[in-house]
Amino acid sequence: MRASILGGAGYVGGELARLLLGHPVLDLVQATSRRHTGKPLHTAHPNLRGTGDLAFTDPARLERVDVLFSALPHGEFAARLGELSERAALLVDLSPDFRLHDPAAARRHYGPGAVDRAAGAPAFVPGLPELYRDRLRTADRIAVPGCMATAAILALRPLADAGLVDGDVLVDARTGSSGSGNTPGPAGHHPERASTLRVYGPVGHRHEPEIAQHAGVRARMTVTAVPAVRGVQVVAQVRPGRAAGRAEVWDAYRKAYAGEPFVRLVAQRQGLHRLPEPRMLLGSNHCDIGFDLDEDRIVAVSALDNLVKGAAGGAVQSANLAAGLPERSGLTFPGLHPM
Amino acid sequence: MRASILGGAGYVGGELARLLLGHPVLDLVQATSRRHTGKPLHTAHPNLRGTGDLAFTDPARLERVDVLFSALPHGEFAARLGELSERAALLVDLSPDFRLHDPAAARRHYGPGAVDRAAGAPAFVPGLPELYRDRLRTADRIAVPGCMATAAILALRPLADAGLVDGDVLVDARTGSSGSGNTPGPAGHHPERASTLRVYGPVGHRHEPEIAQHAGVRARMTVTAVPAVRGVQVVAQVRPGRAAGRAEVWDAYRKAYAGEPFVRLVAQRQGLHRLPEPRMLLGSNHCDIGFDLDEDRIVAVSALDNLVKGAAGGAVQSANLAAGLPERSGLTFPGLHPM
Amino acid sequence: MRASILGGAGYVGGELARLLLGHPVLDLVQATSRRHTGKPLHTAHPNLRGTGDLAFTDPARLERVDVLFSALPHGEFAARLGELSERAALLVDLSPDFRLHDPAAARRHYGPGAVDRAAGAPAFVPGLPELYRDRLRTADRIAVPGCMATAAILALRPLADAGLVDGDVLVDARTGSSGSGNTPGPAGHHPERASTLRVYGPVGHRHEPEIAQHAGVRARMTVTAVPAVRGVQVVAQVRPGRAAGRAEVWDAYRKAYAGEPFVRLVAQRQGLHRLPEPRMLLGSNHCDIGFDLDEDRIVAVSALDNLVKGAAGGAVQSANLAAGLPERSGLTFPGLHPM
Amino acid sequence: MRASILGGAGYVGGELARLLLGHPVLDLVQATSRRHTGKPLHTAHPNLRGTGDLAFTDPARLERVDVLFSALPHGEFAARLGELSERAALLVDLSPDFRLHDPAAARRHYGPGAVDRAAGAPAFVPGLPELYRDRLRTADRIAVPGCMATAAILALRPLADAGLVDGDVLVDARTGSSGSGNTPGPAGHHPERASTLRVYGPVGHRHEPEIAQHAGVRARMTVTAVPAVRGVQVVAQVRPGRAAGRAEVWDAYRKAYAGEPFVRLVAQRQGLHRLPEPRMLLGSNHCDIGFDLDEDRIVAVSALDNLVKGAAGGAVQSANLAAGLPERSGLTFPGLHPM
Amino acid sequence: MSLDTLTERAACPDCGAGVDLAADTGVTEIVVCPGCTAELEVVAVGPLTLALAPEIEEDWGE
Amino acid sequence: MSLDTLTERAACPDCGAGVDLAADTGVTEIVVCPGCTAELEVVAVGPLTLALAPEIEEDWGE
Ligand SMILES: NC(=O)c1ccc[n+]([C@@H]2O[C@H](COP(=O)([O-])OP(=O)(O)OC[C@H]3O[C@@H](n4cnc5c(N)ncnc54)[C@H](OP(=O)(O)O)[C@@H]3O)[C@@H](O)[C@H]2O)c1
Ligand SMILES: NC(=O)c1ccc[n+]([C@@H]2O[C@H](COP(=O)([O-])OP(=O)(O)OC[C@H]3O[C@@H](n4cnc5c(N)ncnc54)[C@H](OP(=O)(O)O)[C@@H]3O)[C@@H](O)[C@H]2O)c1
Ligand SMILES: NC(=O)c1ccc[n+]([C@@H]2O[C@H](COP(=O)([O-])OP(=O)(O)OC[C@H]3O[C@@H](n4cnc5c(N)ncnc54)[C@H](OP(=O)(O)O)[C@@H]3O)[C@@H](O)[C@H]2O)c1
Ligand SMILES: NC(=O)c1ccc[n+]([C@@H]2O[C@H](COP(=O)([O-])OP(=O)(O)OC[C@H]3O[C@@H](n4cnc5c(N)ncnc54)[C@H](OP(=O)(O)O)[C@@H]3O)[C@@H](O)[C@H]2O)c1
Ligand SMILES: [Zn+2]
Ligand SMILES: [Zn+2]
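Chains as they are written, first to last, in full-length UniProt numbering: chain A, 1 to 339; chain B, 1 to 339; chain C, 1 to 339; chain D, 1 to 339; chain E, 1 to 62; chain F, 1 to 62.
Derived from the structure by calculation, the hints contain no laboratory data.
Keep in mind that the hints are not guaranteed to be accurate.
Simulated pairs of lysine-lysine, BS3-like, Cα-Cα distance not exceeding 27 Å [stated by the list, open to error]:
hint	chain 1	residue 1	chain 2	residue 2
1	B	Lys39	D	Lys255
2	C	Lys255	A	Lys39
3	C	Lys39	A	Lys255
4	B	Lys255	D	Lys39
Computed spacing ranges between beta-carbons, pair by pair [to be verified]:
hint	chain 1	residue 1	chain 2	residue 2	range
5	D	Arg246	C	Ala79	32 to 42 Å
6	C	Arg107	D	Arg269	16 to 26 Å
7	C	Gly185	D	Pro73	37 to 47 Å
8	D	Asp102	A	Arg35	37 to 47 Å
Built from N, CA and C at the ideal position, the CB exists for glycine as well.
Please model the entire structure based on the sequences and the hints provided.
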């Protein structure tokens, strides 16, 4: 099957290229870049040197393919939706354009132009197989949720389903620098960013409505930029509203994720690796989830690679389902340790 | 005035040595080490090469001094208290031995041996000048609070005093590796520690009772080891229990810290440096404090260098007061940027 | 085909496990650990959680297999060689035991016990397919060269073959902390290691004789520990002894490595990625090689992941050849960017 | 005495501000910035929050002072030299403008405009007290050498003076990201820079002629960007041309640097800290120098903080001399450990 | 463990999952819980009782 | 480029590899050298001459 990437020179685009070049069925036929048109993929993605002869294409020259992945800054995919619909049977968007159904939330976080996109959002199946696997099998348009939202939703939804969430949830999210894309600027300048613990989103983060929409809980986020390039970790503070024991929380998660190919439960009481952290997930499509608790508080922790499970990997996993392929196709890299 | 350091080869001991060697009045006359007895200070502390001829002393050979700083693992200072009282007019302990007054909390976090120490704790003035300046001026025994506790207390106490804390506070603390001292072990082995976001204390951290004791709030801590050597950051989630505006919170902090030499309020709404973070505080005795808020939540953020304001600096600041010296003596280094 | 790992809980052992668990033909049947006997592999290698049910085996309980990989500290494989020869048709050793042919060099770097091992070394084919592919196809004993040696040899051998090396070569090697294995100690303690540029081997490094043996040049090494967990980079300063142009050096490398599956030439004069560096090679089996030059000096640069091409990957690549499998089997991960 | 900083919002400018705000005699009266005119210094330099009320000045509004420090991009100081000469009795330039005497070298590295500046260079005393202390005492114009050049010159000059340098010297220099200043760009974008070992200057670096000019040796540099914000390390490979023992090299360095306030010799054969590295020098004005050797090679290693001894600190040290002040004034911070 | 071996089932003290053990399992033996991968020690037989395996006390941080 | 197109060959100014170009290639066109992946600009035709493509000057370090 033929696949293309719009926004192929960005960080998400590069990760899509890596995954598609190693995919057993999907063949990468085009990756677009305005800056690098005509140059080999490795100009932007040095890890891909030697993987073939593909060069970047002008975004105006997209051929028709089976699957088109779009990894553009927000607003751009929506602006070209009509035209792109002609280009591929299956459209997978990684931007925020068609994630939010609530027009008020869309306007608050993405401006007035986002209100119309919210109206179009229900036509897109969320690219979250753990929650929407059946709908994805027949999807022709997919919108992949945000990276921190994915980590938070997967940690919180099973607790909500088990009646273990009472009131708001505090979601502390920590993120690496690749989450902001590859355009240089003062916040990402190395001397400023290298050792930072910058609480850049103390209140009101735009992933809050995504969490509400998919996990059914009101998340109050605080986001900190941490000294890492890749990786997201979420620490969610949940009040269960009643006594809850470890076994009950284990049951909630096991029930939700039994047989899930990319969710692992990590809640050990011994050793160095008791709770999820991103470093051993880099490059992998896993989302690790764990928890600890005391008498009236559950601390749920999840971790993933923002560019993989939080973006390109989640997109490929979803596209695999929509294309009738084995869900793990192209996504078997397990991550590295030490790292 | 003559000063000595017990535990002079540890990380806190080294920072005490740096500060005392640059102090205008306190003269460092001895620093003990069992491993390095007879060797120059720079064997353990390479930054101190060239600062003089002092060599480490056997801890059994302490001379009488005006001020004795003790930076031993917990339990050791208490075990030698009788003997040490003869050695110095002023004892400043940096271990947890005489911090906690509540015997139950002491036992829970430091074992049965800590119950007796809790009984002795009231004889020690807490080494926290912002709260106990007057008592410190006449103190002969000082117990410096823990590093994360200091950061949390200074962020929370003004809110509590202003009636802005309703119920428990969630305290998310992030810490560098120097907080664990200089003994190698699996958790601090570089390949495991370098890129970690290890939530090693999801619930029940031993600094919780210190926060309760000094800030009067129940703190529920979650502690994460982050990729840094030095530095602590605390993000506290507070429900004010009533509508509270920015101005009111600013007032609470300004009232608490007007004229404080080592507390800076950092709560900008523009630029890169809006809220406190440790990197520009390394080596400095500042604790930076800031906040943001939404309709029913205050997010208070504080940062410090665990080895300075969170240990050696707080100890010297307290000793300055007890010795009748200008409070900033030896503590004027402002920190570095970029870092 | 059945494969086992002796020393399966170490860093090289963990990387072997990762590669074998993803290998299309070689099946990992045992991985030994004394510390973790009976526990699942993810106890030591958290990235491998979810890859199966394998638990660590007591090293005394090795079953007979087709290929046995040994990743023990030096001396241990040699001590058990007799017994191990019964356990597997193909033995692949990753330690230094049977690398050096020169007894004087062996004694100098590994002590008197190494002299006898040097005598046994010729029975082992070096695990360096780029130089010894034909011999590897029929090998039953393989000794994989050291990680820095591999990087240096692959950079220097084509220059030597082209007559472009006159006199000694200065080899500046930079290494991450995983090169020292997983035993905690003062040099690897995070606060000491995190930001280090420790020139720990200014002269006389033990990889020098390996380079001489395989590249035919006298290398004078200087080794620096750099702030990284994985990765080795070598910067070799070569005097060609005569005028040499870029095209001639390109030719030397192209001739040597045309068709090589795991050597990439990186010598660009534009962009950010002009010369090899390890970060985009982590997890990949590539060795990237490049150069620049002026009128009388060639600066050759190479990079690899010490645990992959410099150890486990080189071993699997060699074993693939010896087992008659496609050389790239199990080794297709391309590396990540950004990283 | 009154002092000002031109280019006060840059990284060197910020370090000058830190040093002058803590200086016992020099008073900082102005620091210029075009971007931040009218805003407090801590807008650009968050570490300086709380050190006073100074705000940035428009560079067109410089008042007359005793000492003017200029930290502008190259070419800018020279362009304004006439005007600036009226503004201060003592001019200290930190840019490359008046460092090079050789017009050919100046043109090669800084373009045709630099030829005239080379003609003016002899009027500037090099800001390198270890070599030019006497001339600095009467200087009215000072040009501070480059950061890597300073590290290399201080390591090499004593060897050259002792007749221990035969032929070219290979100078391997490693540098942090602050060496490139505070303008964002692709090379300094955090995801690209964070884990890099980028050999960005394999041959022909512009600090080579500075080393020749001051150390009298031909340096062949290779420069690598390493994962650090601050700090420069130089590893110089010297052929002594005759047998040389440790004692003779020690003598050469001791003779050169006896009594030097800011040079420390670090050449231990035991322990973790055998040779110089930058991390324990951050913020300090030291240049640490050490070496090891074998039969026909001396490996000299030096380290410094590029923003202090390699720029602002060297400038203040030189200005102290020219102003008749104690040389260490304002420069006593010893550095931190661990770091 | 093959299915036809005589087994006894005990509950994991951490996650509550059922842990199947050979009927001849002895006290102090260590098993890994299939539900949460905790290392469990057999602390009693008849009925089989499991506890979290003791760990060499390391300072895991701070 | 298909093999039966009429092509002309020029040498890469960096690595010396032969670079095949369609005979109608014009001045200022950019091609990538198959030998070293340098970006090359056609600076003359008849005979075809290649040069390293100019780059927006960035400060690549220091
Ligand atoms: N980074 C993450 O962790 C992450 C995670 C989840 C979702 N996302 C979403 O994924 C999308 C891409 O993120 P990213 O981090 O990859 O950003 P990025 O690195 O900035 O890449 C975006 C790419 O899109 C291209 N582009 C920009 N504007 C365009 C336009 N008008 N028309 C055509 N191409 C255009 C640019 O390449 P040229 O200039 O060369 O054309 C650019 O490289 C965003 O919507 C983001 O919100 C990102
Ligand atoms: N690290 C922090 O951020 C921090 C912050 C606040 C408070 N504290 C507290 O400060 C104290 C010291 O912490 P640290 O991080 O400096 O620890 P450290 O690096 O482990 O140093 C402790 C030193 O004490 C000496 N020592 C140990 N046991 C002794 C004994 N029985 N008798 C005499 N000397 C002994 C050791 O030196 P020799 O073996 O050479 O004698 C060791 O270097 C602890 O109580 C800690 O809780 C630490
Ligand atoms: N690290 C690298 O980059 C690298 C690269 C190339 C080659 N090498 C070579 O590969 C070998 C392994 O290196 P490494 O870094 O993986 O070391 P490591 O992390 O220290 O692992 C070695 C493992 O061997 C086991 N072991 C130690 N002594 C043993 C004995 N006497 N009998 C049985 N098992 C024993 C230990 O596990 P238990 O205690 O659990 O049994 C240990 O985990 C070394 O020879 C090294 O020189 C390493
Ligand atoms: N960084 C180092 O390690 C280092 C070491 C030794 C020497 N140096 C030299 O020191 C100088 C400054 O380096 P840096 O790293 O501090 O650079 P930087 O961070 O880029 O700062 C330079 C500052 O100069 C101001 N500026 C730029 N052009 C100007 C103009 N035409 N007129 C007036 N002001 C101007 C800018 O501030 P506004 O835009 O706000 O005015 C800018 O912040 C350079 O010459 C460099 O070569 C640097
Ligand atoms: Zn269990
Ligand atoms: Zn070429």
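Practice problem: Please name the hints from earlier in the document that this structure breaks, with their numbers sorted from lowest to highest. | Solution: No hint contradicted; all consistent.
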